[in-house]
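Student: Sequence:
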Amino acid sequence: MSKERLEAYLKEKCVASARILTFKRPTITVEDAEKQLEISREKIIKSMIFTDENGVPVLGIVTGDKMVDEEKLTKACGAKRIKIARPSAVKNLTGYEVGAMPPVGFKKTIRTFIDPKVLSFDKVYGGGGAINALLEIDPQDIKKLISGKVVDISK
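At position 153 of the sequence shown the residue is numbered 153 (our numbering), and the sequence of numbers has no breaks.
Derived from the structure by calculation, the hints contain no laboratory data.
Simulated DEER-style distance windows between Cβ atoms:
{"#": "1", "residue 1": "Lys83", "residue 2": "Ala16", "range": "35 to 43 Å"}
{"#": "2", "residue 1": "Glu97", "residue 2": "Lys149", "range": "24 to 32 Å"}
{"#": "3", "residue 1": "Ile84", "residue 2": "Val150", "range": "16 to 24 Å"}
{"#": "4", "residue 1": "Lys80", "residue 2": "Lys24", "range": "42 to 50 Å"}
{"#": "5", "residue 1": "Glu53", "residue 2": "Val151", "range": "14 to 22 Å"}
{"#": "6", "residue 1": "Leu119", "residue 2": "Thr29", "range": "19 to 27 Å"}
{"#": "7", "residue 1": "Ala16", "residue 2": "Lys80", "range": "36 to 44 Å"}
{"#": "8", "residue 1": "Asn92", "residue 2": "Glu4", "range": "15 to 23 Å"}
{"#": "9", "residue 1": "Val56", "residue 2": "Glu136", "range": "25 to 33 Å"}
Glycine included, each C-beta is placed from N, C-alpha and C at the ideal position.
Based on the provided sequences and hints, a complete structural model is requested.
Tutor: So this is what it looks like as structure tokens:
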């Protein structure tokens with residue numbers, strides 16, 4: 001998938017708050033995005049896919065100044081254990097490469113848990129569908145689009 005596909009998805013879902021920003025340099029990491037946007041890393045979000053012991057995917061979304069706490073996410077999703085998904089699994093589930101993956105618009109439905117701090121901002125920035133793009137979006141729209149459950153999952 002691509003940033004064009006993400007744009008089409010957002011238009012189809014009538015998400016007026018969202019826009020995709022394109023840069024000359026890659027925005028794969030929080031540090032890259034922070035430099036490009038010149039904003040605090042807490043307004044940048046990380047969308048991390050894990051799989052449970054049965055191979056079921058789980059998405060955790062946290063602010064860029066935090067990490068996903070695997071114990072908290074494991075408890076939140078009711079699994080015995082979780083592990084970070086391989087890049088090939090991320091691409092298969094979402095249609096996007098790791099580092100370009102947005103928090104919404106996936107090929108398949110994924111159970112999602114959003115850290116409450118993410119929702120404390122008017123807008124946040126996440127993967128924009130390409131390694132040099134970022135999605136600017138109201139976090140409330142993320143929650144609505146993916147039916148995310150708000151749970152403390154950060155450390």
